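Student: With chain F's structure known, arrange chain B with the ligands on it following the hints.
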Amino acid sequence: MLEIKNLHVKLEEEDKQILKGVDLTVETGKVHAIMGPNGSGKSTLSYVLSGKDGYDVTDGEAVLDGEDVLEMEPEERAAAGLFLAFQYPVEIPGVGNMTFLRTAVNAQRKARGEEEMSAADFLKFVREKAKSLKIDADMLKRPVNVGFSGGEKKRNEILQMAMLEPKMCILDETDSGLDVDAMKLVAEGVNALRSEGRSFLVITHYQRLLDHIKPDVVHIMADGRIVKTGGPELALEVETNGYADILAEVA
Amino acid sequence: MALPQAKQTITQERLAGLSLPQGGKWASAARTDALARVQAAGLPSARDEYWKFTNPISLTSAEPDLAAVFDPQETPIFGDLDRLKIVFVDGVFDAEASDDLSLDGVEITRLSEAAQADIHWAKDLYGALESNGQVPVQRPLAALNTAFATDGVLIRATGKVSKPISLIYLHNSESSDAILHHCVKVEKGADVTVIESGPAAARFNKVMEVDIADGAAFHHVRAQGRDHERRAVTHTFARLGEESTFKSFTLTANGVMTRNECVIELTGDNAIAHVAGAAVGDGDFHHDDTVFITHDALNCESRQVFKKVLRNGATGVFQGKILVKEGAQKTDGYQISQSLLLDGDSQFLAKPELEIYADDVACSHGSTSGAIDEEALFYLQSRGVSKDDAQDLLVLAFLAEALEEIEDETIADDLLGRLQNWLARRRG
Ligand SMILES: Nc1ncnc2c1ncn2[C@@H]1O[C@H](COP(=O)(O)OP(=O)(O)OP(=O)(O)O)[C@@H](O)[C@H]1O
Ligand SMILES: [Mg+2]
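Chains F and B supply the protein sequences, listed in that same order. In our numbering, each residue carries its 1-based index in the first sequence increased by 676. In our numbering, each residue carries its 1-based index in the second sequence increased by 151.
Here chain F stands alone, though its shape is the one from the complex:
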């Protein structure tokens, strides 16, 4: 369970408050969606939760299964089961995708006191997961995300998620840049991971992803706060009417 309480975040470099008291609880096994206008702070929330530099938490807390994640290093958060599928996955020239995946899987195992995966087991594992996401051998060999199309990058994020088997998955606009078929593929990848012990926080602008990944709860974020929470019907309302009504209602 992820519990975010009264989270206030400003930029480290300038005096700009971005999150202004986020309250949000994602129960174990549930899928929550966050929608909200551009610039409302959705990506910032996902970065702060995963430990990116450049932000100051001025108030509030974020607790994952009893542990205060904001105190941890990013790699510790990952080992604790937090995963962020980036809105803009990063290219890493010179590091092969396969090496990257193996390093990540084994680093997390080590951090949890588990044994490293053997080369043969790893290969089998990665091939199986890659196949279901239609990621070919060539993409596994190439440097991480270098020269990948927008859609390939997003599928690569889901591959990492499938390999790392996190408890709390945050997906930041994983649907953006995907064609219809790729969107289905990604949604299937996510749905395959849905389980009692795993929660999702899906950030999106569009109902169509939520057609495939059915959320239990939908939140609307505006100006650094969760301003409305409801069921799946809330996403449909945004789809037809935009944010104007909702924002007027809470103002």
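The set of hints was computed from the structure by calculation and includes no laboratory data. All the pointers check out, no bait thrown in.
Computed footprint of chain B on chain F; a stretch qualifies when at least three of its residues, placed anywhere within it, have a C-beta under 8 Å from a C-beta of chain B: (1) 725-735; (2) 748-756.
Derived pair list, reagent style DSS-like, types lysine-lysine, alpha-carbon separation capped at 25 Å: (3) F:LYS817 <-> B:LYS538; (4) B:LYS538 <-> F:LYS686; (5) F:LYS786 <-> B:LYS538; (6) F:LYS728 <-> B:LYS538; (7) F:LYS800 <-> F:LYS810; (8) B:LYS538 <-> F:LYS843.
Just the calculated beta-carbon pair ranges, DEER-fashion: (9) B:GLN571 <-> F:GLU864: 37 to 43 Å; (10) F:GLU841 <-> B:ASP245: 56 to 62 Å; (11) F:ASP691 <-> B:ALA522: 21 to 27 Å; (12) F:THR916 <-> B:ALA575: 55 to 61 Å; (13) B:GLY517 <-> F:THR701: 50 to 56 Å; (14) F:VAL926 <-> B:GLU555: 56 to 62 Å; (15) B:GLU526 <-> F:GLU841: 23 to 29 Å; (16) B:LEU169 <-> F:ALA787: 55 to 61 Å; (17) B:GLU225 <-> F:ARG818: 30 to 36 Å; (18) F:ASP899 <-> B:PRO223: 56 to 62 Å; (19) B:GLU504 <-> F:LYS810: 45 to 51 Å.
These numbers come from a predicted model, not from an experiment. Glycine included, each C-beta is placed from N, C-alpha and C at the ideal position.
Tutor: Showing chain B with the ligands alone in chain F's frame:
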């Protein structure tokens, strides 16, 4: 023109402590000529344009600065490689520690022995490429080497040499001042690999002249040794015939003063020359790669790939030139020099140059200095990789393009392992 007074003084002071080795008919002549070159040019000083990034004072001083003998406490480099070992201790050949010098497809002779012979193939090579390489830029420390080298090997490959020839330099005296000169002649169609390793001496001046005949191939890998206090100046002079190949890679870790010059002349059509280096340094590390490649034939390819990782105030230097002579059409020249600065105190000084007198050529060069990519670092960390591991991964990724120039997998793995250890030792 008379030399400036300061230059005269350093040259005289340095020469005062040296004497031309005795004996040797052809060698004596070559040495006398070389001494004249040193006297005419004078030894380099910090005022010379070619030394503006690297102060040569510790390389030209009458006495070497002391350098503590260093025990790397690790398995010997290239230990897993089947090779012919030739050992020099503080610049002196050690017969006991070396293998028998006979090997199929190659003749190996000590310089001191060959010099006594009336006629020897090396008489046309010893000092010849060095002398040639004095134009258009003077390299007086190489001429000094030709004049005063006391030891070295002469290698003549006549066929495909079955295993690498491994020159191992050991450093046992904190005041040793070694001058070694090797000549390598790769005859038509022959193929030889020479590897060099070790710290050599407190101060080390080494020249290797490599003459590669038509259709021949020369491979060179060098690991310069981890002892930090040693000072080294090395020159590799190579002349390439038609359809010949020259490939050289150098790994340097540590060292307060290293200047590696590489002077290559492509004289036969369709020849290929690659020279690459990876250097990692910390603190008062100073490392200088100076490369001069002359294209003087049709359709030749040259490639320079130099990468340096610098931290805690370390300095990296790269001076690289591609000169394409008139008529050297279809030249394909590539040069890249890059540094990864792990902190704000370190610096990289680069002077990439192209000089082209032919109209149908493709030459490119680039030089960059950058820091660790913070976005990539965070991305790796967010996947569970520790910050240290993530940083090492990015450092090795940065070096990859240079390391890829090593063709032999056993050697490449060995060097990669050493780099990983070097990085691991530098963790908090
Ligand atoms: N490092 C930064 N420097 C300056 N401004 C920033 C920085 N990070 C975030 N912001 C600002 O904070 C606000 C929230 O940005 P954020 O990326 O979290 O929005 P978002 O809800 O994810 O938007 P989108 O839907 O467009 O992805 C924006 O106004 C953005 O410009
Ligand atoms: Mg965003």
